[in-house]
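For chain A, the structure is supplied; the task is to place chain B on it using the hints.
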Amino acid sequence: MTASLTFVGRSLRHSVRSVDALLTAILLPVAILLMFVYVFGGAIDAGGRYVDYVVPGIIVLCVGFGAASTAVAVALDMTTGVIDRFRTLPIASSAVLTGHVTASVARNVVSTSLVIGVALIAGFRPEVDPLRWLAAAALLLCLMTAISWVAAAFGLFAKTVEGANAMTFIAAFAPYVSSGFVPADSMPAGLSWIAEHQPVTPIVDSVRALLMGTPVGNSLWIAFAWCAAGIVLGRVASSRLFRQS
Amino acid sequence: MAYTIEVEGLTKAFGDTRVLEGLDLQVDAGEVFALLGPNGAGKTTTVRILTTLLAPDGGTARVAGHDVVNDPNAVRAAISLTAQEAAVDGILTGAENLRMMARLRGVKPGVADELLDRFDLADAADRRVDSYSGGMRRRLDLAMSLVVRPQVLFLDEPTTGLDPRSRRAVWDAVQTLASEGVTVLLTTQYLEEADRLAQRIAVIDGGRVIAQGTAAELKARVASETLEIHFADKPAQRVPVNAPDDVRRALEQHPDAERIELHRPSLDDVFFALTGASSEIAEPVR
Numbered sequence: 001m002t003a004s005l006t007f008v009g010r011s012l013r014h015s016v017r018s019v020d021a022l023l024t025a026i027l028l029p030v031a032i033l034l035m036f037v038y039v040f041g042g043a044i045d046a047g048g049r050y051v052d053y054v055v056p057g058i059i060v061l062c063v064g065f066g067a068a069s070t071a072v073a074v075a076l077d078m079t080t081g082v083i084d085r086f087r088t089l090p091i092a093s094s095a096v097l098t099g100h101v102t103a104s105v106a107r108n109v110v111s112t113s114l115v116i117g118v119a120l121i122a123g124f125r126p127e128v129d130p131l132r133w134l135a136a137a138a139l140l141l142c143l144m145t146a147i148s149w150v151a152a153a154f155g156l157f158a159k160t161v162e163g164a165n166a167m168t169f170i171a172a173f174a175p176y177v178s179s180g181f182v183p184a185d186s187m188p189a190g191l192s193w194i195a196e197h198q199p200v201t202p203i204v205d206s207v208r209a210l211l212m213g214t215p216v217g218n219s220l221w222i223a224f225a226w227c228a229a230g231i232v233l234g235r236v237a238s239s240r241l242f243r244q245s
Numbered sequence: 246m247a248y249t250i251e252v253e254g255l256t257k258a259f260g261d262t263r264v265l266e267g268l269d270l271q272v273d274a275g276e277v278f279a280l281l282g283p284n285g286a287g288k289t290t291t292v293r294i295l296t297t298l299l300a301p302d303g304g305t306a307r308v309a310g311h312d313v314v315n316d317p318n319a320v321r322a323a324i325s326l327t328a329q330e331a332a333v334d335g336i337l338t339g340a341e342n343l344r345m346m347a348r349l350r351g352v353k354p355g356v357a358d359e360l361l362d363r364f365d366l367a368d369a370a371d372r373r374v375d376s377y378s379g380g381m382r383r384r385l386d387l388a389m390s391l392v393v394r395p396q397v398l399f400l401d402e403p404t405t406g407l408d409p410r411s412r413r414a415v416w417d418a419v420q421t422l423a424s425e426g427v428t429v430l431l432t433t434q435y436l437e438e439a440d441r442l443a444q445r446i447a448v449i450d451g452g453r454v455i456a457q458g459t460a461a462e463l464k465a466r467v468a469s470e471t472l473e474i475h476f477a478d479k480p481a482q483r484v485p486v487n488a489p490d491d492v493r494r495a496l497e498q499h500p501d502a503e504r505i506e507l508h509r510p511s512l513d514d515v516f517f518a519l520t521g522a523s524s525e526i527a528e529p530v531r
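Listed in order, the protein sequences are those of chains A and B. For the first sequence, our numbering gives the first residue as 1, with consecutive numbering after it. For the second sequence, our numbering gives the first residue as 246, with consecutive numbering after it.
Please note that a few of the clues may not be correct.
To be verified - When the alpha-carbon atoms are kept at most 25 Å apart in a straight line, the in silico SDA-like pairs for lysine to any residue are as follows: (1) 353(B) x 48(A); (2) 353(B) x 159(A); (3) 159(A) x 335(B); (4) 353(B) x 2(A); (5) 159(A) x 329(B); (6) 464(B) x 500(B); (7) 159(A) x 260(B); (8) 464(B) x 454(B); (9) 353(B) x 84(A); (10) 353(B) x 1(A); (11) 159(A) x 289(B); (12) 159(A) x 509(B); (13) 159(A) x 259(B); (14) 464(B) x 95(A); (15) 479(B) x 496(B); (16) 353(B) x 13(A); (17) 159(A) x 262(B); (18) 159(A) x 261(B); (19) 159(A) x 300(B); (20) 353(B) x 12(A); (21) 353(B) x 89(A); (22) 159(A) x 464(B); (23) 159(A) x 298(B); (24) 159(A) x 302(B); (25) 159(A) x 336(B); (26) 353(B) x 37(A).
Stated by the list, open to error - Estimated spans, in silico, between C-beta atoms of each pair: (27) 261(B) x 191(A): 42 to 50 Å; (28) 2(A) x 465(B): 49 to 57 Å; (29) 2(A) x 273(B): 33 to 41 Å; (30) 457(B) x 26(A): 34 to 42 Å; (31) 22(A) x 420(B): 38 to 46 Å; (32) 253(B) x 2(A): 35 to 43 Å.
Hints in this document: simulated from the structure, not taken from any laboratory. Just so you know, even glycine gets a beta-carbon here, dropped at the ideal spot from N, CA and C.
Okay, chain A solo, but in the shape it has when bound (with noise of 0.2 Å):
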């Protein structure tokens, strides 16, 4: 316990300290959601207020991102020298992964945060129930614990900091064919089939739902059933491939 609350310490001091990584992480969700409010934005019909259908799938997207590169903080990590003295320490030495997932989040939230209030500026009108926003932060934070966790074992499974990358871009990409931009059946056949099973879409959908209050339906479970996955896999994998590298 001691050890994870060290490493979550050192994580921190990590992401302030990457000034770059950290105004990527900040800035580059807040321009996504300009651009897809006031560049694509009217040209796009979804049917009611664009604003208020993307806003959602900005959000996911940005977690996405946003924990996907943890992928490259923990491959870069893996590099240095540093990992091998915690390796000989009486610990288990995997909570240094731990330290890479909370600073991870705690940089997500930031983000996250940023990413709504630019939003409410930009004409977004959610719901207030404070029941509906808990419900979605408590979506979100799984959302980035999950992808956190499956990107920290990929960082670890691709070795170098090039390879982990790659993670950046799936988790960049796969928000696009989902709901989470444009609805899922105005795709062609075939991609609109991967966008209503693939994982975003549920994700999307529920936190669109207790935002706007509409009805949240199943999607909510199958969201929260696809992070918990997300978080048991990630994790086993991650603690496994640690104690082989």
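Below, chain B alone, put in the same frame as chain A:
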């Protein structure tokens, strides 16, 4: 009496490359023991196995009474490692690195200040380690290994690439620890270093121990003196000599000799004699 480090028939291969081919070692409690050998002899692999970072293919290794494979956590509780590459966190400051180690080892963070003073790093305590020189990184690295006084300290080529001042600091630290009863296993390519620090030396080559003993015992295994013959136009040569006749013969064979020197045997000579390296003088070791 049980040895503090006891290694029997250790083997390890990476793919087709066999690095250790049945290595045996016994190190007594409180002893400074040097593993001496050229690059690729298996020194680092041995240290990585003994510090639980690498699993051996065969053989057994016990450190502080615990098997490195079956009981790695008990081994880890008894050891500290200063590896070849400085194991420091470049993004943190020197003081933060030490406080982090203190927390991970479960001791008071105040130990950081003592260590910063002791290793002459107090002025740089609040600077990021990325801005440290090689010597400062190495001193911090050693300080991080000493947050708690380990029962066994492993030093893998602790002075490679260091300036004289930092080398001095490392040597002093090793001698202090030895006087406090810490068992030290160090690897080195520098024969002078082994001679100076270690009570006993194992010479390893090709993944096994080819000679073992005190510096004096090892020196006794080669000729009593060495003649170094220098030439104007080719590399110097070393010839073992035991009697004046040997010197005369050597000079007759090399009429073009420009200058000669007579040496008492050094560990270099022992090393070259044991590993069968060419009689030409190798590149200076530092």
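Verification of the supplied hints:
Of the supplied pair hints, the one linking residue 353(B) and residue 48(A) is violated, its CA atoms being roughly 61 Å apart against a limit of 25 Å. Distance check on the hinted pair: residue 353(B) and residue 159(A) sit about 35 Å apart at the alpha-carbon level, beyond 25 Å; violated. A hinted pair counts as satisfied when its Cα atoms are at most 25 Å apart, and residue 159(A) with residue 335(B) qualifies at roughly 20 Å. Proximity of residue 353(B) to residue 2(A) is assessed by CA-CA distance (about 13 Å); at most 25 Å being required, the pair is judged to hold.
Simply put, residue 159(A) and residue 329(B) have alpha-carbon atoms about 21 Å apart, close enough for the 25 Å limit, and the pair holds. A threshold of 25 Å between alpha carbons decides the hint, and for residue 464(B) with residue 500(B) the separation of about 29 Å lies outside it, so the pair is violated. Using a Cα cut-off of 25 Å, the hinted pair residue 159(A) and residue 260(B) holds, with the two alpha carbons roughly 19 Å apart. Distance check on the hinted pair: residue 464(B) and residue 454(B) sit about 16 Å apart at the alpha-carbon level, within 25 Å; holds.
This hinted pair checks out: residue 353(B) and residue 84(A) have alpha carbons roughly 23 Å apart, not beyond 25 Å. Taking the CA atoms of residue 353(B) and residue 1(A), the gap is about 17 Å. The hint holds against a cut of 25 Å. At roughly 22 Å between alpha-carbon atoms, residue 159(A) and residue 289(B) fall within 25 Å of each other, so this suggested pair holds. As the CA atoms of residue 159(A) and residue 509(B) are separated by approximately 50 Å, the hinted pair breaks the 25 Å bound.
As the CA atoms of residue 159(A) and residue 259(B) are separated by approximately 18 Å, the hinted pair is consistent with the 25 Å bound. The hinted pair formed by residue 464(B) and residue 95(A) fails the criterion: a straight-line CA distance of about 48 Å is larger than 25 Å. Our distance criterion of 25 Å between C-alpha atoms is met by residue 479(B) and residue 496(B), whose separation comes to about 15 Å. Our distance criterion of 25 Å between C-alpha atoms is met by residue 353(B) and residue 13(A), whose separation comes to about 21 Å.
For a cut-off of 25 Å, the pair hint linking residue 159(A) to residue 262(B) stands: about 22 Å separates their Cα positions. Using a Cα cut-off of 25 Å, the hinted pair residue 159(A) and residue 261(B) holds, with the two alpha carbons roughly 22 Å apart. Distance check on the hinted pair: residue 159(A) and residue 300(B) sit about 20 Å apart at the alpha-carbon level, within 25 Å; holds. Between residue 353(B) and residue 12(A) the CA atoms are separated by roughly 22 Å; this keeps the pair inside 25 Å, and the hint holds.
A C-alpha spacing of about 17 Å is found between residue 353(B) and residue 89(A), which places the hinted pair at or below 25 Å, so the restraint holds. Of the supplied pair hints, the one linking residue 159(A) and residue 464(B) is violated, its CA atoms being roughly 46 Å apart against a limit of 25 Å. For the proposed pair residue 159(A) and residue 298(B), the alpha carbon gap of about 17 Å is at most 25 Å, so the pair holds. For a cut-off of 25 Å, the pair hint linking residue 159(A) to residue 302(B) stands: about 24 Å separates their Cα positions.
For the hint pairing residue 159(A) with residue 336(B), the CA-to-CA distance comes to about 20 Å; that is within 25 Å, so the pair holds. Annotation: proposed proximity of residue 353(B) to residue 37(A) is violated, straight-line Cα distance about 53 Å (limit 25 Å). Separated by about 48 Å at the C-beta atoms, residue 261(B) and residue 191(A) satisfy the suggested range of 42 to 50 Å. Distance hint for residue 2(A) and residue 465(B): a CB-CB separation of about 52 Å, consistent with the stated range 49 to 57 Å.
About 34 Å separates the C-beta atoms of residue 2(A) and residue 273(B), a value consistent with the hinted range of 33 to 41 Å. Between residue 457(B) and residue 26(A) the C-beta distance comes to about 60 Å, which lies outside the given range of 34 to 42 Å. Checked against the given bound of 38 to 46 Å, the beta carbons of residue 22(A) and residue 420(B), roughly 45 Å apart, stay inside it. The beta-carbon spacing between residue 253(B) and residue 2(A), approximately 36 Å, falls within the hinted interval of 35 to 43 Å.
Going through the hint list in order, the structure does not satisfy hints 1, 2, 6, 12, 14, 22, 26 and 30.
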